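Q: Following the hints, position chain C against chain E.
Number of protein chains: 2
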Amino acid sequence: MCPSLTDGASASTDRSEMVGIENTNVGRPVPTNGVNGHANGHTNGANGHSSSTQRRNPYAPRASEFLNNVANFKIIESTLREGEQFANAFFDTKTKIAIAKALDAFGVEYIELTSPAASEQSRADCEAICKLGLRCKILTHIRCHMDDARIAVETGVDGVDVVIGTSSFLREFSHGKDMTYITKTAIEVINFVKSKGIEVRFSTEDSFRSDLVDLLSIYQTVDKIGVNRVGIADTVGCANPRQVYELVRTLRGVVGCDIEIHLHNDTGMAIANAYTALEAGATHIDTSVLGIGERVGITPLGGLVACLYAADPEYVKSKYNLPMLREIENLVAEAVEVNVPFMNPITGYCAFTHKAGIHAKAILNNPSTYEILKPEDFGLTRYVAIGHRLTGWNAVKSRVEQLNLTLTDEQIKDVTAKIKELADVRTQSLDDVDTILRVYHSGIQSGELAVGQKEALDRLLREHREAATRERGETEQPQVVAAAA
Amino acid sequence: MCPSLTDGASASTDRSEMVGIENTNVGRPVPTNGVNGHANGHTNGANGHSSSTQRRNPYAPRASEFLNNVANFKIIESTLREGEQFANAFFDTKTKIAIAKALDAFGVEYIELTSPAASEQSRADCEAICKLGLRCKILTHIRCHMDDARIAVETGVDGVDVVIGTSSFLREFSHGKDMTYITKTAIEVINFVKSKGIEVRFSTEDSFRSDLVDLLSIYQTVDKIGVNRVGIADTVGCANPRQVYELVRTLRGVVGCDIEIHLHNDTGMAIANAYTALEAGATHIDTSVLGIGERVGITPLGGLVACLYAADPEYVKSKYNLPMLREIENLVAEAVEVNVPFMNPITGYCAFTHKAGIHAKAILNNPSTYEILKPEDFGLTRYVAIGHRLTGWNAVKSRVEQLNLTLTDEQIKDVTAKIKELADVRTQSLDDVDTILRVYHSGIQSGELAVGQKEALDRLLREHREAATRERGETEQPQVVAAAA
Numbered sequence: 001m002c003p004s005l006t007d008g009a010s011a012s013t014d015r016s017e018m019v020g021i022e023n024t025n026v027g028r029p030v031p032t033n034g035v036n037g038h039a040n041g042h043t044n045g046a047n048g049h050s051s052s053t054q055r056r057n058p059y060a061p062r063a064s065e066f067l068n069n070v071a072n073f074k075i076i077e078s079t080l081r082e083g084e085q086f087a088n089a090f091f092d093t094k095t096k097i098a099i100a101k102a103l104d105a106f107g108v109e110y111i112e113l114t115s116p117a118a119s120e121q122s123r124a125d126c127e128a129i130c131k132l133g134l135r136c137k138i139l140t141h142i143r144c145h146m147d148d149a150r151i152a153v154e155t156g157v158d159g160v161d162v163v164i165g166t167s168s169f170l171r172e173f174s175h176g177k178d179m180t181y182i183t184k185t186a187i188e189v190i191n192f193v194k195s196k197g198i199e200v201r202f203s204t205e206d207s208f209r210s211d212l213v214d215l216l217s218i219y220q221t222v223d224k225i226g227v228n229r230v231g232i233a234d235t236v237g238c239a240n241p242r243q244v245y246e247l248v249r250t251l252r253g254v255v256g257c258d259i260e261i262h263l264h265n266d267t268g269m270a271i272a273n274a275y276t277a278l279e280a281g282a283t284h285i286d287t288s289v290l291g292i293g294e295r296v297g298i299t300p301l302g303g304l305v306a307c308l309y310a311a312d313p314e315y316v317k318s319k320y321n322l323p324m325l326r327e328i329e330n331l332v333a334e335a336v337e338v339n340v341p342f343m344n345p346i347t348g349y350c351a352f353t354h355k356a357g358i359h360a361k362a363i364l365n366n367p368s369t370y371e372i373l374k375p376e377d378f379g380l381t382r383y384v385a386i387g388h389r390l391t392g393w394n395a396v397k398s399r400v401e402q403l404n405l406t407l408t409d410e411q412i413k414d415v416t417a418k419i420k421e422l423a424d425v426r427t428q429s430l431d432d433v434d435t436i437l438r439v440y441h442s443g444i445q446s447g448e449l450a451v452g453q454k455e456a457l458d459r460l461l462r463e464h465r466e467a468a469t470r471e472r473g474e475t476e477q478p479q480v481v482a483a484a485a
Numbered sequence: 001m002c003p004s005l006t007d008g009a010s011a012s013t014d015r016s017e018m019v020g021i022e023n024t025n026v027g028r029p030v031p032t033n034g035v036n037g038h039a040n041g042h043t044n045g046a047n048g049h050s051s052s053t054q055r056r057n058p059y060a061p062r063a064s065e066f067l068n069n070v071a072n073f074k075i076i077e078s079t080l081r082e083g084e085q086f087a088n089a090f091f092d093t094k095t096k097i098a099i100a101k102a103l104d105a106f107g108v109e110y111i112e113l114t115s116p117a118a119s120e121q122s123r124a125d126c127e128a129i130c131k132l133g134l135r136c137k138i139l140t141h142i143r144c145h146m147d148d149a150r151i152a153v154e155t156g157v158d159g160v161d162v163v164i165g166t167s168s169f170l171r172e173f174s175h176g177k178d179m180t181y182i183t184k185t186a187i188e189v190i191n192f193v194k195s196k197g198i199e200v201r202f203s204t205e206d207s208f209r210s211d212l213v214d215l216l217s218i219y220q221t222v223d224k225i226g227v228n229r230v231g232i233a234d235t236v237g238c239a240n241p242r243q244v245y246e247l248v249r250t251l252r253g254v255v256g257c258d259i260e261i262h263l264h265n266d267t268g269m270a271i272a273n274a275y276t277a278l279e280a281g282a283t284h285i286d287t288s289v290l291g292i293g294e295r296v297g298i299t300p301l302g303g304l305v306a307c308l309y310a311a312d313p314e315y316v317k318s319k320y321n322l323p324m325l326r327e328i329e330n331l332v333a334e335a336v337e338v339n340v341p342f343m344n345p346i347t348g349y350c351a352f353t354h355k356a357g358i359h360a361k362a363i364l365n366n367p368s369t370y371e372i373l374k375p376e377d378f379g380l381t382r383y384v385a386i387g388h389r390l391t392g393w394n395a396v397k398s399r400v401e402q403l404n405l406t407l408t409d410e411q412i413k414d415v416t417a418k419i420k421e422l423a424d425v426r427t428q429s430l431d432d433v434d435t436i437l438r439v440y441h442s443g444i445q446s447g448e449l450a451v452g453q454k455e456a457l458d459r460l461l462r463e464h465r466e467a468a469t470r471e472r473g474e475t476e477q478p479q480v481v482a483a484a485a
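Sequence order for the protein chains is E and C.
So the first sequence is numbered by full-length UniProt numbering: it starts at 1 and just counts up by one.
So the second sequence is numbered by full-length UniProt numbering: it starts at 1 and just counts up by one.
Hints may be right or wrong, so weigh each one.
Claimed, not checked - Below, in silico cross-link-like pairs of lysine-lysine (PhoX-like), each with a Cα-Cα straight-line distance of 25 Å or less: (1) K131/E - K74/E; (2) K94/E - K420/C; (3) K420/E - K94/C; (4) K420/E - K74/E; (5) K397/E - K418/E; (6) K196/E - K184/E.
Since the hints were made in silico from the structure, they are not lab data.
Treat the numbers as computed from the prediction; the structure is a model and nothing was measured.
Chain E on its own, in the form it takes in the complex (with noise of 0.2 Å):
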């Protein structure tokens, strides 16, 4: 079970308040991605560890299985397509150009786009698109249809994904009766393509609803024409992973192209269906910005990561740029206006805060994420901790001893007071707690403040304030450095 509260001190009764902690890795030896030198085909993922043994990773992908691709896959990126069709997003060109670059700044092998196809104003950010210079590669899907062909190539996109009609064509696909229409269509677009040197990627929908025979069948026939990938979808976002499983791996023994998955979040299982579509082969997953799209949209792309990291985090950390994954959070959340939410893996209000009101050294016995999540790989170094308005005098304390600080128990209570009245206006990071801690305890320590002089700590702050401005040289920002959301 969790670390719980009944290791130590009163703990619900005096709303246990949150502290902030540093991440202290105290000694444990760091857990590596060496393979369990015990090959004995067993799959789980303990080990056996003497002091002479190096700690294997026991979330890593199994050595024992050649196929797994969780350390050797690529993300297609589709905020910008998959994304557009959220219920809140209206990207205009200049937001769509930002949130390309980001993505391709990120380390993403590939962004996807609305078709430009569906209108004139697609066609023409695709061409923008095309037209950055960018390293990512830059696909975009269309209907089994010449028409559409013919527009796709000429905007400069790097891959084309031709998509299958509905899958209520697919569901009323009778053996052999439509596969020579199928074909003769999929053979002259997917080689129009082809003979402009683009990428041609083939795609069903609703996989987990058709008829296995005729999808595996489509699929060969593709493949034998010479597509670069095939995809399936969980469309209705409510297949489950050993599902998901078995399908990838069934058709991994039919095709020999890669493959790629698009993922639904109806249940909550994209990302587990990610990774586990991965171990069974797929080479290729779709994902956007937390996850923004149809309904509850798909993989989202910051989870995907986190729990790849986990996996393998140095193979991650090679291919992207961790530290970027808040910022492209904010700028997307920004853009259809919704809140980073607050479970959000890593970059949620509430990834690395603990609840204290035990000791601070308690946390750090416990089993720690750190170990597996280090939020510096991404960027974060501080909580968001106290600084709440109900936070009570012993989180404050618990952090005036982290910070080497000596105030009595009498005037931790005053500067308490103090952060509760700046809390009620907004939620203080935990530096603007510093902040105030010590500006506090160098008013005591020098004589100018003592216990219940409001004005006199105001004055304080106040200076303190702009000090640090006229030093920043620029216009008044409250300092902020939290991992808030």
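A: Frame of chain E, contents of chain C only:
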């Protein structure tokens, strides 16, 4: 791929707007949960579909898996234990009681409370909740220590979870040496609790990073002593579904008692891990409302219920009061001052919204989630749709047509301006918009209103509001009946 914006009309140019749609199951056969007549050992979800075969639900538990508990499980709702460890949870007794009652009414089989040994307040709250006469069983957890046990058994709880120290203890565990110690203390505590007629569970922390043999030894021992249930935990929230499956499946072969699992959500896989654990034979899943808990919390109640409902809707509907889900989430969200995430399964702002800009008909024709996740089963019948300040007259026109009102394009543009103006103040729900449209329409029809007559429209809206208020006999509240979070 997803229903794309290529199907028909201009899409992304005109800032595609949302249109509220009713859930209309347009004559498609409802998927059933009947066992696939073709019991062929293949474990994929597809099926042949001649019109004479009833369509099998591809998300249902597989008949070939007799250990599969996806349709045979219990929920241990831990909002009042794990949830208390959420950064911003400060539940007073009144709130705890309200949450306990709500969870009981929802139908969870167990609720778990913070240890009564943690503080006097925890003990008092535990007793208070035990006295409520709830239908669900009440559990708490304690350290493996007689002092805690003595306190717990007097509170009136139905069950006690004995947690074996910390995982650092487990990690230092060497074969055989401390087993005697564990067994001795555990036997004493377990037998003591059992002698009081109280259920006993035995859990470990950080099970996925523990030595497998040690883990299985401990569980085997306590199983022999006679616990009701053993629990495993992904304390760091990084386990993946197939890894979970294997550990649970292995454990399933070792112990005869029930198996509970507690899954953290740091990499966003807690729901999927819970689902997969049930497939492997787990019997009990720990949840909390919105998943609140330490860091980003654990398996969320709503998300888990959504995914298990997709697998077996009748079973889940028979156990839980699904329409209460939204109310419970709002209750807890308010108590901990968070927003229900916009992409929350079922109850999130976006769960049933579609991006319009395309004919509403095209949306209805696309592969629809509604065949699987029916909003009305969760008491949701309307979708937040138009009413955003970027709403275009096209979306309003769609709604006018849906309401069978007759307005010219010029009149529609006129009323759209009013909606946008009101939406600048606050987002208008679909009912707000319907009201505006009906008032506008009847004003036009009666001759009291013409295009451009802003004051007349304001007056009509005001009169309508006052009449509605008098009818309801309450202080004026904007009438909002929407699925908005």
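Q: Check each numbered hint against the structure and report the violated ones by number, ascending.
A: 4
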